[in-house]
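Asker: Chain residues, written in single-letter form:
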Amino acid sequence: MGHVRLPRLFAYPQGRSEMDEIGQYLARMRATTPLVQNITNYVAMNVMANVLLACGASPAMVHAREETAEFTGFTQALTINIGTLSASWVESMLLSASVAATKGTPWVLDPVAAGATTFRRATAARLVALQPTVVRGNASEILALAGEAGRGKGVDSADGVEAAEDAARRLAALTGGVVAVTGPVDYVTDRRRGWRIANGDAMMPRVTALGCSLTGVVGAFIAGQPAAEATVAALAFFGLAGEIAASTATGPGSFQVAFLDALWQLTPETLTARARVTPA
Amino acid sequence: MGHVRLPRLFAYPQGRSEMDEIGQYLARMRATTPLVQNITNYVAMNVMANVLLACGASPAMVHAREETAEFTGFTQALTINIGTLSASWVESMLLSASVAATKGTPWVLDPVAAGATTFRRATAARLVALQPTVVRGNASEILALAGEAGRGKGVDSADGVEAAEDAARRLAALTGGVVAVTGPVDYVTDRRRGWRIANGDAMMPRVTALGCSLTGVVGAFIAGQPAAEATVAALAFFGLAGEIAASTATGPGSFQVAFLDALWQLTPETLTARARVTPA
Amino acid sequence: MGHVRLPRLFAYPQGRSEMDEIGQYLARMRATTPLVQNITNYVAMNVMANVLLACGASPAMVHAREETAEFTGFTQALTINIGTLSASWVESMLLSASVAATKGTPWVLDPVAAGATTFRRATAARLVALQPTVVRGNASEILALAGEAGRGKGVDSADGVEAAEDAARRLAALTGGVVAVTGPVDYVTDRRRGWRIANGDAMMPRVTALGCSLTGVVGAFIAGQPAAEATVAALAFFGLAGEIAASTATGPGSFQVAFLDALWQLTPETLTARARVTPA
Numbered sequence: 001m002g003h004v005r006l007p008r009l010f011a012y013p014q015g016r017s018e019m020d021e022i023g024q025y026l027a028r029m030r031a032t033t034p035l036v037q038n039i040t041n042y043v044a045m046n047v048m049a050n051v052l053l054a055c056g057a058s059p060a061m062v063h064a065r066e067e068t069a070e071f072t073g074f075t076q077a078l079t080i081n082i083g084t085l086s087a088s089w090v091e092s093m094l095l096s097a098s099v100a101a102t103k104g105t106p107w108v109l110d111p112v113a114a115g116a117t118t119f120r121r122a123t124a125a126r127l128v129a130l131q132p133t134v135v136r137g138n139a140s141e142i143l144a145l146a147g148e149a150g151r152g153k154g155v156d157s158a159d160g161v162e163a164a165e166d167a168a169r170r171l172a173a174l175t176g177g178v179v180a181v182t183g184p185v186d187y188v189t190d191r192r193r194g195w196r197i198a199n200g201d202a203m204m205p206r207v208t209a210l211g212c213s214l215t216g217v218v219g220a221f222i223a224g225q226p227a228a229e230a231t232v233a234a235l236a237f238f239g240l241a242g243e244i245a246a247s248t249a250t251g252p253g254s255f256q257v258a259f260l261d262a263l264w265q266l267t268p269e270t271l272t273a274r275a276r277v278t279p280a
Numbered sequence: 001m002g003h004v005r006l007p008r009l010f011a012y013p014q015g016r017s018e019m020d021e022i023g024q025y026l027a028r029m030r031a032t033t034p035l036v037q038n039i040t041n042y043v044a045m046n047v048m049a050n051v052l053l054a055c056g057a058s059p060a061m062v063h064a065r066e067e068t069a070e071f072t073g074f075t076q077a078l079t080i081n082i083g084t085l086s087a088s089w090v091e092s093m094l095l096s097a098s099v100a101a102t103k104g105t106p107w108v109l110d111p112v113a114a115g116a117t118t119f120r121r122a123t124a125a126r127l128v129a130l131q132p133t134v135v136r137g138n139a140s141e142i143l144a145l146a147g148e149a150g151r152g153k154g155v156d157s158a159d160g161v162e163a164a165e166d167a168a169r170r171l172a173a174l175t176g177g178v179v180a181v182t183g184p185v186d187y188v189t190d191r192r193r194g195w196r197i198a199n200g201d202a203m204m205p206r207v208t209a210l211g212c213s214l215t216g217v218v219g220a221f222i223a224g225q226p227a228a229e230a231t232v233a234a235l236a237f238f239g240l241a242g243e244i245a246a247s248t249a250t251g252p253g254s255f256q257v258a259f260l261d262a263l264w265q266l267t268p269e270t271l272t273a274r275a276r277v278t279p280a
Numbered sequence: 001m002g003h004v005r006l007p008r009l010f011a012y013p014q015g016r017s018e019m020d021e022i023g024q025y026l027a028r029m030r031a032t033t034p035l036v037q038n039i040t041n042y043v044a045m046n047v048m049a050n051v052l053l054a055c056g057a058s059p060a061m062v063h064a065r066e067e068t069a070e071f072t073g074f075t076q077a078l079t080i081n082i083g084t085l086s087a088s089w090v091e092s093m094l095l096s097a098s099v100a101a102t103k104g105t106p107w108v109l110d111p112v113a114a115g116a117t118t119f120r121r122a123t124a125a126r127l128v129a130l131q132p133t134v135v136r137g138n139a140s141e142i143l144a145l146a147g148e149a150g151r152g153k154g155v156d157s158a159d160g161v162e163a164a165e166d167a168a169r170r171l172a173a174l175t176g177g178v179v180a181v182t183g184p185v186d187y188v189t190d191r192r193r194g195w196r197i198a199n200g201d202a203m204m205p206r207v208t209a210l211g212c213s214l215t216g217v218v219g220a221f222i223a224g225q226p227a228a229e230a231t232v233a234a235l236a237f238f239g240l241a242g243e244i245a246a247s248t249a250t251g252p253g254s255f256q257v258a259f260l261d262a263l264w265q266l267t268p269e270t271l272t273a274r275a276r277v278t279p280a
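Residue numbers (the working numbering), protein chains in the order written: chain S, 1 to 280; chain L, 1 to 280; chain R, 1 to 280.
Rather than coming from a laboratory, the hints here were simulated on the basis of the structure. Accuracy of the hints is not assured; some may be wrong.
Stretches of chain R that chain S covers, calculated by requiring three or more beta carbons in the stretch to come under 8 Å of a beta carbon on chain S [to be verified]: (1) 37-43; (2) 85-99; (3) 174-187; (4) 207-220; (5) 250-261.
A virtual CB, placed ideally from N, CA and C, is assigned to each residue, including glycine.
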């Protein structure tokens, strides 16, 4: 894996783990305002940038073949999302992923609808071969990446998270990185270890591109932080903001507004107190 | 026309018509969660996906030449919008429309600013020749498609709906499908029959891409339902959500939020009760 | 400069200036509903169109090589934003800027992240050579355009507005037009004269593409109005809407909603009363 592992910032008393102080990952991310380059789909660009700004990161949407590699050379993290693919973008994705690998910049792959078409399966396979620091997808997508026939055809998952846990571990073994399967209860593994994250709300899949935006948030969290733990923290943070938003929303419109406000307002202390993370 | 006609689900007592039970089209659409592929413009992609999710459909924005035909092969409906054209996208549009025609998948054409430039006029004509199940445009656009010189130059209509009714009937005769002219009072025709739909609010044209989003909603409604009646129902549903949103909004920002919530909350019963549809 | 100077609509009593009646520029813009063509980035397209609609202008997002020049032939203003560049778009930008120059249509250049990559520096230089009526950027971008090494790498400015005032005047001398440096306090110059505009709120950079959207608003204001004064008015108007939005917002989500509502509701009288413009 390419990312830089930070020295541990604190020691854990017996019976406690890093995940007991999960708010720390949010605090450190905000303290560094990481510049996160996102090669993402047209549907997600605006909301993903707004989500990253609301979290406290600095997003940049750069994808042109003419400049993407140069830009990746000075970003703190990179995310690649295959939502609205085209041939020229695939070239940019491969260029930037290679730069990230060479420079040790952490990067996240979001294999949107990876199993839906031949073009997607081929592109996703080429990107997986470049060993993403984190792969973040729904169950159908992770199953497709691991070579199994899931049931998803569109962008929504037709498979449960638990059905994809084995596939996630095998995929993590293949990339040497972290794999996150998101759904009603998320699952994160680095092959050796595993976590389940129960934060979230049923309204979240009713707003488009929130999953894509979460990929950006994972990118922001893993910039300069241990990838597995930071990914777990990003998922708990994102899901908790969803819970807070749902407590006032009356539909997907007001939910989206309240969600951005919640990302902005959420403190590390609240995250530590309300994260629902268990070892798996 | 390519779409599959469902058997009638109920019989009408004398003096009543399908449009008296208009909420049924919403209920059946939600019951099937149709996968709707949208080849649409960059401005509309996000809001169109959110509108479709709020309605209860499953949107997918897929447009790459490398995969669009394969994807259209398993969608329940297709919509094509020429808002932000480019040469490679035109190719994708023609490929997917051909697949839809071959497979009997219903599809909707949204001829944005069809009369504005030579490139648009030519592209729109090629798509019309592929006999869309429904054409949904404003008056200036429908006049342009029917070969008449309207006054619209940008994306906003400069002509009244009534001025385009003859053109709509001629266009419907040409495509063998349905034509919907939207404006303060919408007009729908399948050449033989006609309806006027009076639902809507003056704030709707002040939010970008709501017309484009309506095209997506028409796509969702005509998946597996009779095209003319389902189009009328989609227009009444969309307009009624606008009326509900306008009752609390204080500008186009709060309107857009309330509109998504209203699409989400609106029940078939309320649609039946408040739809303002008359034969024309 | 290409734009048409309107005859002055009113005379100023001694000791007063055009800027004392700054609401007039808003009133005249709304009275003409200018058609503004925007070649802008994917992140900004939707919010920029919504901002222009909320202001009272008529936005059109047209950028295809096949039609952009023809379309520019009948627009009232053009804006060009290099946020998400690609080779084919650069061609469209140069084509449309040339048409605007030839026809005397005012146009605005938004040099997003101009200093970040070689591709951006080269593209920005070619556009500057076509003498934009207005250049609108943050301090890092204006420094980069003027050939100075700023500190900005991503899309956010790393330099203060005051540090870019000299560069702005030199750039204005080069283009023969107006240069606006935006930040906590904006600076506008046409080389001879200068203004500072203190309206705005710290939440504005936390919503993506508001700077890009401001470029569109400048385009709408300079359509048929004197460029320097109309630019100052656009900046004060935009900043004041931000102040109004901030008075009720609880985060970047609710801010964006309230901001669109404020643009819609703001009257010329309120703008005149609350604009904070001083000569510089």
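Asker: Are the hints correct? Go through all of them and say.
Answerer: Now the hints, each set against the structure:
| no. | hint | verdict |
| --- | --- | --- |
| 1 | 37-43 | holds (count 3) |
| 2 | 85-99 | holds (count 3) |
| 3 | 174-187 | violated (count 0) |
| 4 | 207-220 | holds (count 3) |
| 5 | 250-261 | holds (count 7) |
Consistency note: the structure conflicts with earlier hint 3 alone.
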